[in-house]
Amino acid sequence: MGEMDRRGFIKLAGLGGGIVFASSLGLNTLGSVLDYANGYAGKKVEKDFYFVQLSDTHWGFSGPKVNPDAEGTLKKAVQVVNSLEEQPDFIVFTGDLTHTTDDVQVRKDRMAQFKDIVGRLKVPTVHFMAGEHDASLDRGDAYQQFFGKLNYTFDHKDVHFIVLDNVSDPGAIVGDSQLNWLKADLKQQKPDARIVVLTHRPLFDLYPDWDWATKDGAAVIDALMPHTNVTVFYGHIHQEHHQMTGHIAHHSAKSLMFPLPAPGSVPKKAAIPWDASAPYKGLGLRNIEAQVRQAKYGITELNLSGG
Amino acid sequence: MHRKKRVLIAGALFITATIVSGLAFYVRADALPAEREIHITAKKFEFTPETITLKKGEPVVLVLSSQDRKHGFHLREFGIRADVNPGETARIQFTPNKTGKFIFSCDVFCGEGHEDMTGTMVVTE
Numbered sequence: 006m007g008e009m010d011r012r013g014f015i016k017l018a019g020l021g022g023g024i025v026f027a028s029s030l031g032l033n034t035l036g037s038v039l040d041y042a043n044g045y046a047g048k049k050v051e052k053d054f055y056f057v058q059l060s061d062t063h064w065g066f067s068g069p070k071v072n073p074d075a076e077g078t079l080k081k082a083v084q085v086v087n088s089l090e091e092q093p094d095f096i097v098f099t100g101d102l103t104h105t106t107d108d109v110q111v112r113k114d115r116m117a118q119f120k121d122i123v124g125r126l127k128v129p130t131v132h133f134m135a136g137e138h139d140a141s142l143d144r145g146d147a148y149q150q151f152f153g154k155l156n157y158t159f160d161h162k163d164v165h166f167i168v169l170d171n172v173s174d175p176g177a178i179v180g181d182s183q184l185n186w187l188k189a190d191l192k193q194q195k196p197d198a199r200i201v202v203l204t205h206r207p208l209f210d211l212y213p214d215w216d217w218a219t220k221d222g223a224a225v226i227d228a229l230m231p232h233t234n235v236t237v238f239y240g241h242i243h244q245e246h247h248q249m250t251g252h253i254a255h256h257s258a259k260s261l262m263f264p265l266p267a268p269g270s271v272p273k274k275a276a277i278p279w280d281a282s283a284p285y286k287g288l289g290l291r292n293i294e295a296q297v298r299q300a301k302y303g304i305t306e307l308n309l310s311g312g
Numbered sequence: 145m146h147r148k149k150r151v152l153i154a155g156a157l158f159i160t161a162t163i164v165s166g167l168a169f170y171v172r173a174d175a176l177p178a179e180r181e182i183h184i185t186a187k188k189f190e191f192t193p194e195t196i197t198l199k200k201g202e203p204v205v206l207v208l209s210s211q212d213r214k215h216g217f218h219l220r221e222f223g224i225r226a227d228v229n230p231g232e233t234a235r236i237q238f239t240p241n242k243t244g245k246f247i248f249s250c251d252v253f254c255g256e257g258h259e260d261m262t263g264t265m266v267v268t269e
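Protein chains in written order, with our numbering: chain W, 6 to 312; chain H, 145 to 269.
Keep in mind the hints are simulated off the structure, nothing from the lab.
As the structure is a computational prediction, the values presented were derived from the model and not from experiment.
Treat the hints loosely; a few may be bogus.
Here are the simulated lysine-lysine pairs, PhoX-like style, with alpha carbons at most 25 Å apart [to be verified]:
#, chain 1, residue 1, chain 2, residue 2
1, W, Lys220, H, Lys188
2, W, Lys113, H, Lys188
3, W, Lys273, H, Lys188
4, H, Lys187, W, Lys220
5, W, Lys120, H, Lys199
6, H, Lys188, H, Lys214
7, H, Lys199, W, Lys220
8, W, Lys273, H, Lys242
9, W, Lys113, H, Lys214
10, W, Lys220, H, Lys245
11, W, Lys80, H, Lys214
12, H, Lys242, H, Lys214
13, H, Lys245, W, Lys273
14, W, Lys195, W, Lys162
Just chain H, same shape as in the assembly (with noise of 0.2 Å):
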């Protein structure tokens, strides 16, 4: 009888544990901000959007996709880059650490317009 209480306890602390461990981390899921999808398509021989805006320290995921052949996507200054594959999606999470303009470009070449494939990442305060 009194090792049949014990068992019982212990399975009743088990099931709070689970209980409330399960509870803090929806708890935090729900506190984190989600990350701001920003996508953006590359085709012979732009990027769409040109231009995009962001916020220092703000996460955001950067969603590529190709529209036509490979691309490459790179962001120098904060080291990212990545292959645009078409029928493939690229995604790069990504939090700015800095304000100021930011170059972009296809670094795999595509063509006869390929070195005017560029745009801008503008992060602001």
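The shape of chain W in the complex, shown without the other chains (with noise of 0.2 Å):
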């Protein structure tokens, strides 16, 4: 895709019905967003991109009063990334592709299904990372079949990307071994260079109780720490949620299967059943517009219902 112009900008942010922001980016990309839609931006420099973030699919799951439309979801999802005018640089999907099940054929035929239904997309770059219901029964064998591997880095008009696997090990951890791959990757980064981490549950202690930790997430973390632009991007939780740890920014997705409540919200953690009355509410993608040179990700959140 070539720069993003205000017009296409201003077109892209009206899909979902208006423009979230991400609170820890704080008020300067807010201003920034203003500037746009004012008229008053500076030009955007030529490396300026976005990419959109979609998460939590869980195909194969079944539940009608969590989602009647369980097996139009995703479906709806490609259609509404197909219809942005300006389409992003490519995408990424946050994990938990599939829903999990014990049958190892079941898995694979899920997996079919999900790469196919997304093989519809227009953007031709698409960046899979598992999550633990695609990946933890079989240690991310049959997920690899699919997807390839599961831990990697790309590179993207001077953004480094980092595809961390916290998932694959059903002890939710990320693991020495893993550890050492990404200390080495980092080796190679200025201390200034552009940072974004892909991972599937967040890398610190969300709320540990419900699973929404990784275990040595803080080992990560200490080794993203001397790397002064770092933004991580996530999913797991099925909502949009915001931390700073330092200066590295966390930011969840919404799920494009069913919403979980708050941390610690509700003494026990279950989907939030289905409103007939506002359909699809709580589910959700996000377009990410990477202003490279300030090293600030605009989050837009866009919806399903079209409104």
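Two chains, each in its own frame: build the complex with the hints.
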């Protein structure tokens, strides 16, 4: 995709019925967005771009009280992305592509079906990562057959993306081997390099009683800390959440199957039931606009209702 | 003769000391309260019993076993966690030092109902 112009950006923002900006990004980001809206924006640098994050699609899930359109929601999300006038540079899926099953063949069938549906995306470049539902029961064996490596890096317009696997070990760890791999990769990056980490579980202790943590996530954050421009995008908790650990911002995405309650807000974690008066409420996807020079990421939440 | 007497006295003292220290150990061990064993069984996707009631300050041993696959036992509030493997028994000595209701959960992903695999520890005065 080429540079996104102001008209395209506003049209994009309007799709979801409004813009929601990550609070942790602070007023600077909000200001820059208002600049766009007001036409005061400085010239965007050539390398700015945007990508789309989809998460926790749980293909194969069945539960009419939670999502009576379980077989249609992912397809609807694909349509939403395809209808964006300005197509993103790429798309990321931050895990739980499929809903877990003990049956290996059913797991593979679900992965094949998922791959077929997202194959209808217009954007040719899609980066996948696993969630515990995809990879924890077989240590990522089926996942790798369909989607490739569990952890990897890629570079895009001066931003270094690191995909971390904190799910294929059923104990919810990154593990020493991957941690060493991460450290070796970070050694190749300048201290002020623009780094985006994509992963499934939160790397910090968001709410460990609900499995909303990575047991050795602190070691990952420690490794990232010397780098001044790091942002983490993840999934797993089926809702938007923004938190800072030092100078590192962490942003979780909504699910495309069912929302979950706020951390610790109820005695027992359970999917929030479908609201017939507001279909797809709590579900969604997001655009992430990378302002490379400023190392900032504007987040625009999009819903599925088209409203 | 004098030397023989000294050896005999030393020997008697040694035997006496051994008996006394042995008795002391026996008495001390007998005085310690026996740790109550709390048996907890894990299987997809529940702990049995689901609720455990303990007294604050009472030392117990949590005896954990699995009936099917690998699970985890995580009692975060007290910094306790263990892998629970089938065919093995995990034993955790533990003395609750505060009262309240505390959640324990499986922290090794075990399938579709994994996230519901929790229990409650109630600690009373």
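Please work out if W/Lys273 and H/Lys188 have their alpha carbons no farther apart than 25 Å.
Satisfied, since the Cα-Cα distance of roughly 17 Å is no more than 25 Å.
With a cut-off of 25 Å on the C-alpha distance, tell me whether W/Lys220 and H/Lys245 pass.
Measuring from Cα to Cα gives roughly 23 Å; hence the hint holds.
Are H/Lys245 and W/Lys273 close enough, with their CA atoms no more than 25 Å apart?
holds, 13 Å
What's the verdict on W/Lys113 and H/Lys188, does the C-alpha distance respect the 25 Å limit or exceed it?
Given pair W/Lys113, H/Lys188 holds - Cα atoms ~22 Å apart, limit 25 Å.
Does the structure keep H/Lys242 and H/Lys214 at a Cα separation of 25 Å or less?
Roughly 30 Å between the alpha carbons, so the hint for H/Lys242 and H/Lys214 is violated.
Within a Cα-Cα threshold of 25 Å, do W/Lys273 and H/Lys242 meet the stated pairing?
Measuring from Cα to Cα gives roughly 22 Å; hence the hint holds.
Pair hint outcome, H/Lys187 versus W/Lys220 [Cα-Cα no greater than 25 Å]
holds, 22 Å
Would you mind confirming whether the straight-line C-alpha gap from H/Lys188 to H/Lys214 stays at or under 25 Å?
Satisfied, since the Cα-Cα distance of roughly 10 Å is no more than 25 Å.
Satisfaction of hint between H/Lys214 and W/Lys80, Cα-Cα up to 25 Å:
It is violated: about 36 Å lies between the C-alpha atoms, which goes past 25 Å.
Straight-line Cα separation of W/Lys195 and W/Lys162 no greater than 25 Å?
With Cα atoms ~15 Å apart, W/Lys195 and W/Lys162 stay inside 25 Å; holds.
Quick one, are W/Lys220 and H/Lys188 close enough, alpha carbons at most 25 Å?
holds, 22 Å
Is W/Lys120 within 25 Å of H/Lys199, Cα to Cα?
violated, 53 Å
Violation of the numbered hints given earlier is confined to hints 5, 7, 11 and 12; the remaining hints are satisfied by the structure.
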